[in-house]
Every structure is written in structure tokens, then in C-alpha cells.
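Using the sequences and the accompanying hints, generate a full structural model.
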Amino acid sequence: MMIRKRRGPVLVLVLILLLAFLSACGGAKPVSAPAQGGEASGKPITITGAGATFPYPLYSKWFYVYSTQVDPTVRFNYQSIGSGGGIRQIMAKTVDFGASDAILTEEEKAAAPDLRMFPTVAGGVVVAYNLTDAGGKPVGKGLKLTPQALAGIFLGTITRWNDPAIAQVNPDIALPDAEIAVAHRSDGSGTTFLFTSYLAQVSPEWREKVGAGKAVNWPVGIGGKGNEGVAGVLRQQPNSIGYIELAYAVQNHIPYAALQNREGNFVEPSLDSIVAASNAYAGEMPDDLGQLLVNAPGKDSYPIAGYTFILLYQDMPNCLKASKIHDFMVWALTEGDGYARELLYAPLGEQVEKKVIAKLNTLTCEGGKPLPGK
Amino acid sequence: MEKPYAVRKATSHLMAALTVLSAGMSAGLLLLLLVYVVRQGAAALNWDFFTKNPVPVGEPGGGIANAIVGTFVVVGLAALFALPIGIGSGIYLSEFGRNRFGDVVRFLADVLSGVPSIIMGIFAYVLIVARQGHFSALSGGFALGVMMLPVVTRTTEEMLRMVPDSVREAGLALGLPRWRVLVHAVIPAASRGILTGVVLALARVAGETAPLLFTAFGNPYFSLDINQPIATLPHTLFNYAISPYDDWHLKAWGAALVLTGLVFIASLLVRLLGAREMST
Numbered sequence: 073m074m075i076r077k078r079r080g081p082v083l084v085l086v087l088i089l090l091l092a093f094l095s096a097c098g099g100a101k102p103v104s105a106p107a108q109g110g111e112a113s114g115k116p117i118t119i120t121g122a123g124a125t126f127p128y129p130l131y132s133k134w135f136y137v138y139s140t141q142v143d144p145t146v147r148f149n150y151q152s153i154g155s156g157g158g159i160r161q162i163m164a165k166t167v168d169f170g171a172s173d174a175i176l177t178e179e180e181k182a183a184a185p186d187l188r189m190f191p192t193v194a195g196g197v198v199v200a201y202n203l204t205d206a207g208g209k210p211v212g213k214g215l216k217l218t219p220q221a222l223a224g225i226f227l228g229t230i231t232r233w234n235d236p237a238i239a240q241v242n243p244d245i246a247l248p249d250a251e252i253a254v255a256h257r258s259d260g261s262g263t264t265f266l267f268t269s270y271l272a273q274v275s276p277e278w279r280e281k282v283g284a285g286k287a288v289n290w291p292v293g294i295g296g297k298g299n300e301g302v303a304g305v306l307r308q309q310p311n312s313i314g315y316i317e318l319a320y321a322v323q324n325h326i327p328y329a330a331l332q333n334r335e336g337n338f339v340e341p342s343l344d345s346i347v348a349a350s351n352a353y354a355g356e357m358p359d360d361l362g363q364l365l366v367n368a369p370g371k372d373s374y375p376i377a378g379y380t381f382i383l384l385y386q387d388m389p390n391c392l393k394a395s396k397i398h399d400f401m402v403w404a405l406t407e408g409d410g411y412a413r414e415l416l417y418a419p420l421g422e423q424v425e426k427k428v429i430a431k432l433n434t435l436t437c438e439g440g441k442p443l444p445g446k
Numbered sequence: 300m301e302k303p304y305a306v307r308k309a310t311s312h313l314m315a316a317l318t319v320l321s322a323g324m325s326a327g328l329l330l331l332l333l334v335y336v337v338r339q340g341a342a343a344l345n346w347d348f349f350t351k352n353p354v355p356v357g358e359p360g361g362g363i364a365n366a367i368v369g370t371f372v373v374v375g376l377a378a379l380f381a382l383p384i385g386i387g388s389g390i391y392l393s394e395f396g397r398n399r400f401g402d403v404v405r406f407l408a409d410v411l412s413g414v415p416s417i418i419m420g421i422f423a424y425v426l427i428v429a430r431q432g433h434f435s436a437l438s439g440g441f442a443l444g445v446m447m448l449p450v451v452t453r454t455t456e457e458m459l460r461m462v463p464d465s466v467r468e469a470g471l472a473l474g475l476p477r478w479r480v481l482v483h484a485v486i487p488a489a490s491r492g493i494l495t496g497v498v499l500a501l502a503r504v505a506g507e508t509a510p511l512l513f514t515a516f517g518n519p520y521f522s523l524d525i526n527q528p529i530a531t532l533p534h535t536l537f538n539y540a541i542s543p544y545d546d547w548h549l550k551a552w553g554a555a556l557v558l559t560g561l562v563f564i565a566s567l568l569v570r571l572l573g574a575r576e577m578s579t
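Chains as they are written, first to last, in our numbering: chain A, 73 to 446; chain B, 300 to 579.
Possibly wrong hints are sitting among the right ones.
[Unchecked claim] DSBU-like cross-link-like pairs, simulated, lysine-lysine; straight-line CA separation at most 35 Å:
#	chain 1	residue 1	chain 2	residue 2
1	B	LYS351	A	LYS393
2	A	LYS165	B	LYS351
3	A	LYS297	B	LYS351
4	B	LYS351	A	LYS115
5	A	LYS393	A	LYS426
These are computed hints drawn from the structure, not numbers from a lab. Since this is a predicted model, take the numbers as computed values, not measurements.
Okay, here's the thing in C-alpha cells:
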């Protein structure tokens, strides 16, 4: 009797096991078959990309608008796994396009000589702070910093807020006699790349001791992962300073400093001052389009800015996908400006835009064929 | 050198009180977390949230239907992979594995269960994604399955061990072959315990983000194709949480609530199963 009664559960268990075995062995193939035939039968084709976190909100907007309003036969799946990840994945060819905030290094170019960079928008890195003045009131916007003071703070040579290097250019703020808590990114990031590239340009000492890169050996400070990590450190640490993306600072109402640019003007980071920097450098755009916008000339230029790039192979493995990507890119660069501004990304200036589109038109597919319909 | 009775009694009470306090704190923390997630996430919940796909910043509406379904797909694939192998090896370990090989398997299973989840993701990436040349739900399921495997193996073994040997002896004494004793007496006696372990393992891996970053990859669209990238709840939550937008933060809380709810329901199911076992 005992054995009879227990038969139910065991039957179920055996059934589950059997089912599991069967579907594990036979299930995978039939399911995959329609996916490959799907492209021909009018199902939208999916283009996969991965990379930089910084342009993710804008890209997702662009992709959404493009596939709902412009070309419903294409869908984009973009995952923000970070610039370094984006470069790696496009090099491993697990994605159709990569995205990066940092320009390709010489090693990366050597490893993937066929990989091209296409700037899409520019963004700025702001120096954000959490500061209370000597009277105990929080300092909102309005702090000014010279390149020397900024380098000194991040080098650890300037350690107090009332240091003359800071106080001299901020006569309106009663700077406290407090120690400066420095926050930086702990993960490899395009933001760090721009920020350290800038410091390396303006400070020989920084160039020599620390250098520029997606991750560096910080002389001082506490690390935070991502913009949100640095912002978190800033929130918790009184009298702290760090660097984050402009869009992040604006969205989260974090005060940021005006920086002294090459012409000696103190410029607040904004879309206009970033566009000014990009225009000031437009004439010097190199042929591989990998340009940094740090320490730009021009009186209205904000000094820490950079493009974010989409990475594509000069000769793409699939003609259909290649032409879809090409068309999307041209649309984004021309029609997509409004969405960019709305989300606090600086669209490309006219001169740069022309250069990027000209280069997009040189793309080929499947071993040197011109893109279909071009 | 005995301490006076009053002192011993006081110490005893104090210590007992401390354990009550600890128990209260761990329960309280959990409750606090639940209440917090519900309070933050409830505002995000509406019909669209469960039935629509995500929309970008600034577009009204949108939901996480793709991620809810994706989580079930990926966890289902993980179960397909881990349950047969895990339960099978659990049976082996308990019934036949009292030897050197069994010890090695047991040790390896324990090591495997301690391996950080991100490593599982990288493993699946190298083994499946890099070879196939694209991300897929399948590779995500595999990564989670590898995570589940040692848990299922060891729970199955423990549960079968708890079946007294007298049951096995009784079966054998009746002249049943060994496999019949196993299938008809030992495994049924342990089946609820095994199911409990399985559900807990499923609930556990359902909340994993790290193994999915480079495998299931994520997908803003609804997908059931196991050879394509797929969205999952923890991954969607992660993406929304690190964004700078309030709207997305709210959706992250909503996703957290849905995920917590699913795990909660799974645990409740386990409780019910356990209760039924008590009553029979």
C-alpha cells in the first residue's frame, strides 16, 4: 500500500526529467530554424550592438524612434556594457556594432585594422562638488577652477578648500578651511579617459606621474563605480569633489564648476560650450575621426569634452545589416539632433557631420561589395 | 567556583534575549526591505508595466513584459540543463557514491557552488557565445544552470540521505531489485524535499545579474527565440538603476518589486509543499 500511494510524485518527477532530456536534446534546433529564415519572410531584422554607457539613453531613443517611425523592418538591440566591453565585443564579432567613448588605442587599431570610429554626439565631463562654505551654507553652482588648481587637487598637492590657488579665483565664495575629499571612477571608463587626457594636457606633472587612460593610478581619492558611484561618494562626503558626465550632473541636480579654458575664460559646461569646443577643433579632425575635445581653443569652449563613437568594420560581414546600419547612422546624424539636445548630448557641428557621413559612404560589405542601394 | 544561581539565571536570560533580538533584527531587516521595495515600486506597477515592452527616456508608458517572460525562459533553460544532471548526480552520490569518486564529485560540487557567479557568465561566454558568434538566451540559461547544478546535486543527495536505511532494507527484503526500491520507495519519500531544493535553487538564480551580462545580453524587444539575446528582470533592473533618469529609477523599483514578488511566491510554494508533507 505504502508504495502505491507514493507513485504519484515519482511519476511527475520522472516525467519532468524525461521532458527535460527530450527538450534539451531535440528542442534547440527546431526553434532556431525560423530565426534564420525570418529575415526573408518580412520579420524585422535585429541589429545588435554593445558598448558605452554614456550615450545609452540617447541611442535607445534614436533606435526606438527610428524603428517605429522611419524603418519598421529593422530593430536595434543596444546594451550598455561599457566602452571597453564594446570594443572587445566588436573585435570578437559577437555584435554588429560597438560603441565607445574612448578613441581606439594604437594596440586596438593594430589588433583590428579594419575597425572604424564614427563620432555620433559629443558630451562633457563636469567637475562636480559637494561643498559647504565657511558660514555653513551649501555652495551651489558658481565655483571656478583653474586647470592648475584642478590638477593640484587630483594630484594631492592642493589639499584644502581655502588654498590660495582656489581662493584667488573665487572671491565671492567664503571657502572653508576644510580638507578636500577627492572622488574618482574606479571602473575603466571613457569619462576617466577624457578627464585624465585633459589633466595630462594642462599639467606636465600629471602627464609624468599619472598619465591618461580609461583607468589610471590615482594619487589621491576614493573610487566609485560609474557616474552613480562617484555621485554617491559626493553625496556622502562633505567637502568633496569629483568628475561625472554633464547629463548625469544636470539630471541629478549636482552642482559643477566653471573651468578656465585655454583663452583664460571661465566657462560653464553646457551643450553650447561643448559644441563650441567641437567646432573649434573641426578643422583638425584626423582622417580616422578619432578626436579628443580637450583643452579646445576658442573663448567659449568648455575644456573637457569628447565624442562618443560607433565602431564598425570598414567591410561588414552582412550586406543587409550593413546598409541598415548605414541608413540609421545618416538619419541619426542629420535628423536625430533634436533628440540629442533634448537629452543633453551635443550634436555634431556641420563640418564634422559631413566628414562622418562621407566616411560612412565608403563602407563596404561581404568582401568589398558596395552597400546595397548606394 | 560556581556562580550564584541568580547570576547564572540572569546571564541565561540576557543571552536568550540577545538571540531573540538577533532573530527580530534579521526578520525586521527583511520586512524593512520588503516594505521599502513595495513602497518604491508600487507606483511603477500598472497593466502596461506587465504587458508592454520598454520605451526610451521621455516616452510615456512602457513596461517590462519582455524581461518578465525572458526571466522565465532563461530560468527554464537553466532548469532543463541543471535538473536532470543535478538530480541524477544527487541520486548517484546518495545511493552509490560512497567511494573515492563520490568524494571527489562532492568536493567539486562544493567548490562549484562557491565560484562567483560572474565566472559562470564568462564560462558560458567562452563556451557558447564566443563560438556561436552571438549572444543568446541559451548561453544565459546555461550559465544559470551551471550555478544551479551543485545546489540541486547536494540537496538531492541530502534529501535522499534523510530517508532511513530501513526503508531501503525493507524494499530489498521484499525481493525488489535495487532500482525499484529507489524509484518506488526512496525517491518518493524524498521527492518533496528535492522539489523544495529545486524551487529554492530556481528562485536563487532568477535574481542573478552577473552571469547574464555577457550571455543573455538583454533585448529591448519581446523574444522567445533561445538563439537570440533576451531580456531578463535582474539585468533590466540593473540597467534602469544606473541610469540618470527618475522615470527609469521608478521602473527599476518596479522591476525589483516584480522580481522580489516572484521569489516570494516561489518561497511560499515551497512552504505549502512543506506543510503538505507535515500533514501526510
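Hint-by-hint comparison with the structure:
1. As the CA atoms of LYS351/B and LYS393/A are separated by approximately 27 Å, the hinted pair is consistent with the 35 Å bound.
2. For the given pair, LYS165/A sits about 31 Å from LYS351/B by alpha-carbon distance, which is consistent with the 35 Å threshold.
3. Restraint check: the Cα-Cα separation between LYS297/A and LYS351/B comes to about 31 Å, which is no more than 35 Å; the hinted pair holds.
4. The straight-line distance between the Cα atoms of LYS351/B and LYS115/A is roughly 19 Å, inside the 35 Å bound, and the hint therefore holds.
5. With a C-alpha separation of about 23 Å, the suggested pairing of LYS393/A with LYS426/A holds against the 35 Å cut-off.
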